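Visitor: With the hints in hand, could you dock these two chains into one complex?
So the protein lines, in turn, are chains A and B. Anchor point for the first sequence: position 2 equals 65 in our numbering, and the numbering is continuous, going up by one each time. Anchor point for the second sequence: position 45 equals 70 in our numbering, and the numbering is continuous, going up by one each time.
Hints were generated in silico from the structure; no laboratory data involved. As the structure is a prediction and not an experimental result, all values here were calculated from the model. Mixed in with the good hints there might be a few duds.
Claimed, not checked - Restricting the straight-line Cα-Cα distance to at most 25 Å, the calculated cross-link-like pairs of lysine-lysine (DSS-like) are:
#1 B:Lys132 x A:Lys105
#2 B:Lys103 x A:Lys104
#3 B:Lys132 x A:Lys104
#4 A:Lys105 x A:Lys83
#5 A:Lys83 x A:Lys127
#6 B:Lys103 x A:Lys105
#7 A:Lys105 x B:Lys98
#8 A:Lys127 x A:Lys105
As the list claims (entries may be wrong) - One side of the interface only, derived from the structure: several residues of chain A facing chain B at Cβ under 7 Å:
#9 Leu89
#10 Phe91
#11 Gln92
#12 Thr95
#13 Leu107
#14 Thr145
#15 Ser146
#16 Phe168
To be verified - Rough simulated footprint, nothing fancy, chain B against chain A, three-plus residues with beta-carbon under 8 Å:
#17 75-87
#18 124-132
Backbone N, C-alpha and C define an ideal beta-carbon position, used for all residues, glycine too.
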Amino acid sequence: GAVVSQHPSRVICKSGTSVKIECRSLDFQATTMFWYRQFPKKSLMLMATSNEGSKATYEQGVEKDKFLINHASLTLSTLTVTSAHPEDSSFYICSVGRGQETQYFGPGTRLLVL
Amino acid sequence: AQTVTQSQPEMSVQEAETVTLSCTYDTSESDYYLFWYKQPPSRQMILVIRQEAYKQQNATENRFSVNFQKAAKSFSLKISDSQLGDAAMYFCAYRPINSGYALNFGKGTSLLVTP
Numbered sequence: 064g065a066v067v068s069q070h071p072s073r074v075i076c077k078s079g080t081s082v083k084i085e086c087r088s089l090d091f092q093a094t095t096m097f098w099y100r101q102f103p104k105k106s107l108m109l110m111a112t113s114n115e116g117s118k119a120t121y122e123q124g125v126e127k128d129k130f131l132i133n134h135a136s137l138t139l140s141t142l143t144v145t146s147a148h149p150e151d152s153s154f155y156i157c158s159v160g161r162g163q164e165t166q167y168f169g170p171g172t173r174l175l176v177l
Numbered sequence: 026a027q028t029v030t031q032s033q034p035e036m037s038v039q040e041a042e043t044v045t046l047s048c049t050y051d052t053s054e055s056d057y058y059l060f061w062y063k064q065p066p067s068r069q070m071i072l073v074i075r076q077e078a079y080k081q082q083n084a085t086e087n088r089f090s091v092n093f094q095k096a097a098k099s100f101s102l103k104i105s106d107s108q109l110g111d112a113a114m115y116f117c118a119y120r121p122i123n124s125g126y127a128l129n130f131g132k133g134t135s136l137l138v139t140p
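Chain B extracted, bound-state conformation (with noise of 0.2 Å):
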């Protein structure tokens, strides 16, 4: 079975600073999909930035961007120039390759952004 760990429950960061936000997993797959999803108080589930294993470039949508370790399991998230809005929690989630699988997510780390 595939483990998704968050190591940070709550993270803090600044208006306008880079903050980020870790991410581990575990599987035998050499295939397969990793996201982060945000979740606003409204409780609403936003897609943030999806990577696909088999590609070795990091993703990136705007202010945000990840760090993908393949060899290392690692998924980071990085939000630079960071706004009120940012502020949510945030889970990092697997997926297998295959169609029809659900996701698996860690814990969440919960952001605070202060002014």
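With the rest of the complex left out, here is chain A (with noise of 0.2 Å):
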């Protein structure tokens, strides 16, 4: 399977900055790279759907001026919260995928916005 990267792993910030969140696929060339958030014992909400070269297609209820996602290149995507709050804070995840295979998950993000 792919590997899959995330900078940072765990993340503290202030109210009201931005944090920007790296995905990295290291040996594969993702066409496509999604974004979940996970709270504490819950499941994977999905945030949104980026292709490579597009705009970030955002689930229901998620802002996209707050949540700012790029796609650059087939193998980096990046995700920014931008004026951070404490009920920001949360797991993020993003995940990568080529066609109708298999996705590949990175080890995620923790962030605590204080």
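Guide: Shown next, in the form of structure tokens:
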């Protein structure tokens, strides 16, 4: 399977600042990348789908101006949480896909907003 | 919209025993994929097993096997000879057969393995 990395693995920031999370596909050209959010002891909730070179498609209820997604290449997607607030604290996970192949997940990023 | 239901929030099994985790789903599609993912305390999502709906044969991966009942829209996971390392959250997931679609997850089942 593909190797997917996320950076940083955990981040603590002050309320009102912006945080960027990177998702890299190390050995797999990902035409599509997905961003999920997971609350403690809950399931994964899809936030957005991004295709390389296109604008991301956001799920209902996800603010696109708050969660900026950029998929500039087949191996890199970034999620920027703008003007973060404590309620944005969560575990963010990316996954990569190519056609009908199985999706592969990054190790996740734990965000804590103080 | 497709929904995935895991009706067992928690399950417990003794080491070396067998346990079955249940999953049902709702879809109007005839072709799709079903998955079981494991999420240990590290929170890394690990693919356990994958089933294509057009295949009648149940998928098997070593100690892990599924019972896929397409008409009943049921996709249970059987873990044989349970090991302590099997303790984790298990998520059932559905994905349409067309490319570019995200996984639709159930709420998960927490599996505890006791010595």
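Visitor: Report the numbers of all earlier hints that the structure fails to satisfy, in ascending order.
Guide: The structure breaks hints 9, 10, 11, 14, 15, 17, 18; every other hint is satisfied.
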